[in-house]
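Engineer: Sequence:
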Amino acid sequence: MNVVKAISRPYSKKEQEIAWFRFDVQADLNPLFTWNTKQLFVYIVAEYTNQKGFANEVVVWDRIVRRKRDSKLNIETARAKYPIRDPSLSFRNSTDVHFTMRYNVMPWIGALTYGTGAKINEPVSFAKVQSRV
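Mapping of the sequence shown onto my numbering: position 101 corresponds to residue 101, and the numbering continues sequentially without gaps.
One or more of the hints may lead you astray.
[To be verified] Label pairs and their calculated CB-CB ranges: (1) PHE41 - ARG79: 15 to 25 Å; (2) GLU76 - LYS52: 31 to 41 Å; (3) GLY53 - PRO31: 37 to 47 Å; (4) LYS128 - LYS68: 39 to 49 Å; (5) SER125 - LYS52: 11 to 21 Å.
The set of hints was computed from the structure by calculation and includes no laboratory data. Cβ coordinates follow ideal geometry from the N, Cα and C atoms, glycine included.
The task is simple: from the sequences and hints, build the whole structure.
Structural biologist: As structure tokens, this is what we get:
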């Protein structure tokens with residue numbers, strides 16, 4: 001995981017720490033497809049507690065799977081689509097990050113169903129700030 005200092009918004013002068021990371025995903029989502037499945041929304045969530053004690057869940061990657069034939073994910077060294085940013089502007093004294101893959105099954109008829117596909121057993125630490133962007 002890389003942590004850099006950057007100005008987070010064009011209209012702001014405040015610097016904020018932003019965390020990026022790379023990951024691999026191998027998943028077979030085939031069992032989630034039935035005659036009533038329109039599409040799947042698959043996403044990875046990073047969970048951590050910041051220095052002020054607030055628990056955070058951040059979506060860092062997502063994908064929509066529309067066809068059963070595309071339901072086998074084999075992604076290597078992918079970069080997170082969305083960086084992790086904390087409202088406190090820093091990851092200092094934050095807990096380690098736990099990653100979870102979750103999904104929503106969107107049916108043709110009926111209610112959405114949610115589930116957890118996988119959870120990484122070992123947490124990942126925030127790295128020290130490497131540079132400024």
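Engineer: For every hint, state whether the structure bears it out.
Structural biologist: Cross-check of the supplied hints:
In this structure, PHE41 and ARG79 meet the distance hint of 15 to 25 Å, their C-beta atoms being roughly 20 Å apart. A hinted range of 31 to 41 Å for the beta carbons of GLU76 and LYS52 is consistent with their spacing of about 36 Å. For the hinted restraint 37 to 47 Å between GLY53 and PRO31, the CB-CB distance of approximately 38 Å keeps it satisfied. Judged by the Cβ atoms, the range 39 to 49 Å given for LYS128 and LYS68 holds: they are separated by roughly 44 Å.
In this structure the hint that SER125 and LYS52 lie 11 to 21 Å apart at CB holds, the actual value being about 18 Å.
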